[in-house]
Amino acid sequence: MTAPTMSLAVSAWTQPFFQHALLAGTFIALAAGLVGFFLVLRAQVFTGDALSHVAFTGAMAALAAGYDLRLGLFVACVLVGLLLGGIGRRGKADDVVIGSAFAWILGLGSFFLTLYTTSASGMGNGGAGTSVLFGSIFGLDGGQTTVAVVIALVVTALVLLIARPLLFATLDENVAAARGVPVKALGLGFLALVGLTAGEATQAVGSLLLLGLLAAPAGAALRMTQRPFVGLALAGGLAVAEMWAGLAAAAWIPQCPPSFGIMAAATLVYAATYLPRPAGRRARTAEAAV
Amino acid sequence: MGSAPPFSWNLLYDFQVMWSYPFMLNAFRAGAIVAVVAGVVGWYVVLRRQTFAAHTLSVVAFPGAAFATLAGFALSLGYFGFCIAAALVLAMLRRNRGGQPGDSEESAATGTVQAFLLACGYLFMALYKGLLEGPQALLFGNFTGITTGQVTTLAVAGVVVLGVLAVIGRPLLFASVDPQVAAARGVPVRALSVAFLVLLGAATAEAAQITGALLVFALMVLPAATAQVLTARPGLSLLLTVVIGFGVTWLGLFAGWYWNYPLGFFVTTFAFALFLLAHGVRALAAAAERRRAVPTLAGAA
Numbered sequence: 001m002t003a004p005t006m007s008l009a010v011s012a013w014t015q016p017f018f019q020h021a022l023l024a025g026t027f028i029a030l031a032a033g034l035v036g037f038f039l040v041l042r043a044q045v046f047t048g049d050a051l052s053h054v055a056f057t058g059a060m061a062a063l064a065a066g067y068d069l070r071l072g073l074f075v076a077c078v079l080v081g082l083l084l085g086g087i088g089r090r091g092k093a094d095d096v097v098i099g100s101a102f103a104w105i106l107g108l109g110s111f112f113l114t115l116y117t118t119s120a121s122g123m124g125n126g127g128a129g130t131s132v133l134f135g136s137i138f139g140l141d142g143g144q145t146t147v148a149v150v151i152a153l154v155v156t157a158l159v160l161l162i163a164r165p166l167l168f169a170t171l172d173e174n175v176a177a178a179r180g181v182p183v184k185a186l187g188l189g190f191l192a193l194v195g196l197t198a199g200e201a202t203q204a205v206g207s208l209l210l211l212g213l214l215a216a217p218a219g220a221a222l223r224m225t226q227r228p229f230v231g232l233a234l235a236g237g238l239a240v241a242e243m244w245a246g247l248a249a250a251a252w253i254p255q256c257p258p259s260f261g262i263m264a265a266a267t268l269v270y271a272a273t274y275l276p277r278p279a280g281r282r283a284r285t286a287e288a289a290v
Numbered sequence: 001m002g003s004a005p006p007f008s009w010n011l012l013y014d015f016q017v018m019w020s021y022p023f024m025l026n027a028f029r030a031g032a033i034v035a036v037v038a039g040v041v042g043w044y045v046v047l048r049r050q051t052f053a054a055h056t057l058s059v060v061a062f063p064g065a066a067f068a069t070l071a072g073f074a075l076s077l078g079y080f081g082f083c084i085a086a087a088l089v090l091a092m093l094r095r096n097r098g099g100q101p102g103d104s105e106e107s108a109a110t111g112t113v114q115a116f117l118l119a120c121g122y123l124f125m126a127l128y129k130g131l132l133e134g135p136q137a138l139l140f141g142n143f144t145g146i147t148t149g150q151v152t153t154l155a156v157a158g159v160v161v162l163g164v165l166a167v168i169g170r171p172l173l174f175a176s177v178d179p180q181v182a183a184a185r186g187v188p189v190r191a192l193s194v195a196f197l198v199l200l201g202a203a204t205a206e207a208a209q210i211t212g213a214l215l216v217f218a219l220m221v222l223p224a225a226t227a228q229v230l231t232a233r234p235g236l237s238l239l240l241t242v243v244i245g246f247g248v249t250w251l252g253l254f255a256g257w258y259w260n261y262p263l264g265f266f267v268t269t270f271a272f273a274l275f276l277l278a279h280g281v282r283a284l285a286a287a288a289e290r291r292r293a294v295p296t297l298a299g300a301a
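Protein sequence lines, in the order shown, are assigned to chains A and B. Quick note, the first sequence lines up with residues 1 to 290 if you use this note's numbering. Quick note, the second sequence lines up with residues 1 to 301 if you use this note's numbering.
There may be inaccurate statements among the hints.
To be clear about the criterion: a stretch of chain B counts as covered by chain A if any three or more of its residues have a C-beta under 8 Å from a C-beta of chain A, and this derived list gives those stretches [to be verified]: (1) 114-123; (2) 156-167; (3) 179-189; (4) 205-217; (5) 285-292.
Since the hints were made in silico from the structure, they are not lab data. For each residue, glycine too, the CB sits at the ideal point set by N, CA and C.
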């Protein structure tokens, strides 16, 4: 938790830390929304859950070894993403194996956390664990913002590039494989992208909450429309809107941490999709489904 | 434990020294209770492939504890209240979807519930600035401060959970292995699934008080996953689960006494090593089986 979060509520909009957060947050949310859409569609949300713990361990290991924590974040998330894809059939691992692996990885994270907070460089920095777990988007500086935006843009471009074959491979794996779509390679590539996104999202909302940024906008989009590409755009759009709403809430209400604001906005939108729909629309959707 | 006496190979003596400290004695007692309860409940979790729900319920212990701290009532109440409430929410979401586990929409809902409640926990922590150690003790556990009263509470809750599970255990096993046939035979599959989620919530709330919110899940899934790799017979693997859970927890406490690293690290590392070992053993057994099968096949051809 960095100091500026707690004060300067009114003038937050003009502060550089807020502008950095807004810029980085927008692109991180866009990438997370798009990747999350496929993650939910492919029923791999649990993999995202696993990566949220891997992100923590990676960051802590990097800190304990004296490197930039983002290096640990990205390397750990992408490697484990590929590993989870590699051990499963057709790029999908069994939930029990994933759970067993990340339970241990988290234990390892608590070890690195102890190692770091008791080492010379980490002394007096006991909050490092908390800021990795729950994010510190208001703590990004100019350079970190640029890196975050560039990586988010690369992820977004790659997702859009593989969107069509990936969608085919997701909706009908066997037919896609028969048509010569490289199903396994797509699954692995996708998990690498999920890893990159997890590393990105950790900087915004923290490793424990990144699952919300991946699952909530995508889940809402899938409940709102049956058409895949509309859903994909909707997931990205919702994620960005929720990020803005959360940051605005954090700027207006000094007690509200930005991570909570973002998660609250995302959850509200998702919960709203459970409200009963107006009769006319439901009838139309039912017709379309028939 | 920097002040711990040096490790000697006389294990009996080591235990005597350790248990002469009341807090260590309580830690071993609590660890035993938690390992058995989490192991038995976790066995059903692995059987039912509900790892995601189990993980979600276990992290919900964190906002529960944070809220109890903020509002100033007993921590146990926060743990049990939040975990059981979250279990009911998950059960409701599942009922909306017709109870098909592994459904993509259900997993999105579970993930959203999890992230939102964790964010709530963070908010409660931010609002309550008095807690010196921050969220880390709640997330990663603290076994040195367990009181005798807490052990009693754990024992009572554990007996209740195991008692209910003993009553519904057999139909639950049937409903877990083959839900369609069970439903056709008149087993109330849906009610059992709700009851199991509530039990799961209670068990995670109990275990989280010792292991911290993030590591309950390890105690729940690792021993059961290991046992179910080794044997397919329900009774035997259930027994094996309890033995493994109990063993790694006590071994973890033992190691934590001599080396000043988190308990969760030791417990998860021992348990995961056993898990890998079990997979290795099974792979070897399968390879031996194949080698034995080849000559017969060749003979038949």
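Okay, the hints, checked on the actual structure:
Note: the stretch 114-123 of chain B has 8 residues with beta-carbon separation from chain A under 8 Å; the three-residue rule is met and the coverage holds. Under the rule that three or more residues need a Cβ within less than 8 Å of chain A, the assignment of the stretch 156-167 of chain B is violated, with 0 such residues. Chain A is given as covering the stretch 179-189 of chain B, and this is violated because 0 residues of the stretch bring a CB closer than 8 Å to a CB of that chain, at least three being needed. By the rule of at least three residues with a Cβ nearer than 8 Å to a Cβ of chain A, the coverage given for the stretch 205-217 of chain B holds, with 3 such residues.
Under a criterion of three residues with beta carbons nearer than 8 Å to beta carbons of chain A, the stated coverage of the stretch 285-292 of chain B fails, only 0 such residues being counted.
The structure shown violates the earlier hints numbered 2, 3, 5.
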